[in-house]
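Q: Build out the structure end to end from the sequences listed, making use of the hints.
Protein chains: 2
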Amino acid sequence: MAEYVLHCMAQSGHSYKVALMLELCGADWKPKWVDFFNGETRSDAFRTDLNEMGEVPVLVHGDTIMTQSAVIMDVLSESFGKFGWDSDAERREILRWTIFDNQKVSGMIGPLRFMRTLMKTGETDVVKWLDGRCKAALAIVDKHFADHEFAIGGKPTSADFSLCSYLFYEGELGIDLDAYPNLTGWLARVKSLPGWKHPYDLMPGHPLSDKD
Amino acid sequence: MAEYVLHCMAQSGHSYKVALMLELCGADWKPKWVDFFNGETRSDAFRTDLNEMGEVPVLVHGDTIMTQSAVIMDVLSESFGKFGWDSDAERREILRWTIFDNQKVSGMIGPLRFMRTLMKTGETDVVKWLDGRCKAALAIVDKHFADHEFAIGGKPTSADFSLCSYLFYEGELGIDLDAYPNLTGWLARVKSLPGWKHPYDLMPGHPLSDKD
Numbered sequence: 001m002a003e004y005v006l007h008c009m010a011q012s013g014h015s016y017k018v019a020l021m022l023e024l025c026g027a028d029w030k031p032k033w034v035d036f037f038n039g040e041t042r043s044d045a046f047r048t049d050l051n052e053m054g055e056v057p058v059l060v061h062g063d064t065i066m067t068q069s070a071v072i073m074d075v076l077s078e079s080f081g082k083f084g085w086d087s088d089a090e091r092r093e094i095l096r097w098t099i100f101d102n103q104k105v106s107g108m109i110g111p112l113r114f115m116r117t118l119m120k121t122g123e124t125d126v127v128k129w130l131d132g133r134c135k136a137a138l139a140i141v142d143k144h145f146a147d148h149e150f151a152i153g154g155k156p157t158s159a160d161f162s163l164c165s166y167l168f169y170e171g172e173l174g175i176d177l178d179a180y181p182n183l184t185g186w187l188a189r190v191k192s193l194p195g196w197k198h199p200y201d202l203m204p205g206h207p208l209s210d211k212d
Numbered sequence: 001m002a003e004y005v006l007h008c009m010a011q012s013g014h015s016y017k018v019a020l021m022l023e024l025c026g027a028d029w030k031p032k033w034v035d036f037f038n039g040e041t042r043s044d045a046f047r048t049d050l051n052e053m054g055e056v057p058v059l060v061h062g063d064t065i066m067t068q069s070a071v072i073m074d075v076l077s078e079s080f081g082k083f084g085w086d087s088d089a090e091r092r093e094i095l096r097w098t099i100f101d102n103q104k105v106s107g108m109i110g111p112l113r114f115m116r117t118l119m120k121t122g123e124t125d126v127v128k129w130l131d132g133r134c135k136a137a138l139a140i141v142d143k144h145f146a147d148h149e150f151a152i153g154g155k156p157t158s159a160d161f162s163l164c165s166y167l168f169y170e171g172e173l174g175i176d177l178d179a180y181p182n183l184t185g186w187l188a189r190v191k192s193l194p195g196w197k198h199p200y201d202l203m204p205g206h207p208l209s210d211k212d
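Residue numbers (the working numbering), protein chains in the order written: chain H, 1 to 212; chain E, 1 to 212.
Calculated directly from the structure, the hints in this document are not laboratory data. Some clues are possibly wrong.
Which copy? The list can't say, so a pair holds if one copy fits it or any two copies do.
Stated by the list, open to error - In silico lysine-lysine, DSS-like type, Cα no more than 30 Å apart, as pairs: (1) Lys143 to Lys128; (2) Lys155 to Lys82; (3) Lys191 to Lys82; (4) Lys30 to Lys128; (5) Lys32 to Lys143; (6) Lys128 to Lys32.
A: So this is what it looks like as structure tokens:
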């Protein structure tokens, strides 16, 4: 029995944030596949037992059930003493970029990729609107990385794992990331962290992998 | 010169979160109108001097410039010793609901109201999609308040100010909040906090008010 069990699925960028952090912290963890595409997160059992918000990831550690990737990563930063802050100012800078990510980067790229690539809805008005929102947010992130090595400065933190999450699903976004050279430079720095893995190598549920 | 200056505008629910908290904390503060509708938040000057993310609210306190309502409220909770946490667990519960709000409640109701009511786009596919997302999130919040007095339990915190923000723009959302009776019960409790004010009574820029 692993110390940490992450309820997740390969296609969830929000889950990947936590999976990547657990892996890079060297945690004793294992993923547990959630059948999102058949409605498991919308079921009464999931909402009662795991997360009233009906979302993955959910991290179980002993008797503690944690939800919302930002909160889970905040806890893991303290538990492992890694990828966190050295001052209150740094903690708030991590939170500032993590919130921006949840609302405007992951929060928009998630639905965009879901419709465009997984559901194959075609270029509907909703897809076009999300595409525009995503590109506006990515331009802000790109500009930030013109003079920042990582999200809050010279060291990687959980804010990087939040921001990068959906961006590693290359080829599934329908957005050419090469248009954002500072952003791709930063993604390469995240990718070169010792132990980095692609979402499909960390979590089960990809169509081409076993599920459990 | 007020101790705190909040760069904001009356129509911004995200700004209202901070304005309401400053008011309820009894802070010495004043609002400074941002001309969002003529592109001020997209200007180089705003992004260089105030917020690279191109968003309101921005709170200026002495030499400190703070952005992202969740971060600002976290700071104010500590500065004033009000509407914050008594334990790490409470702090994380505040963060959990604040993140959910930023991504799925305010983060979706903001654009919905902007299109439907301010821009009068009509019931486009994008408006219909946002409407569905908002209603799904409101159902989760409504269920939560079936057995919670406030967001994290028995006392009001900044998580309540985050969640309630756009919901006080009654009649501008195109969503009948009476369909969510637990939610409206909680909104009434927030409204009854001593010193509560409507967004249009706290911030300048409403078409019917003076701007500055």
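Q: State for each hint whether it applies.
A: Comparing the hints with the structure gives:
{"no.": "1", "hint": "Lys143 to Lys128", "result": "within (23 Å within a copy, 33 Å between copies)"}
{"no.": "2", "hint": "Lys155 to Lys82", "result": "within (10 Å within a copy, 33 Å between copies)"}
{"no.": "3", "hint": "Lys191 to Lys82", "result": "within (17 Å within a copy, 41 Å between copies)"}
{"no.": "4", "hint": "Lys30 to Lys128", "result": "neither (37 Å within a copy, 39 Å between copies)"}
{"no.": "5", "hint": "Lys32 to Lys143", "result": "between (37 Å within a copy, 27 Å between copies)"}
{"no.": "6", "hint": "Lys128 to Lys32", "result": "neither (34 Å within a copy, 34 Å between copies)"}
Consistency with the previously given hints fails for numbers 4 and 6, ordered from lowest to highest.
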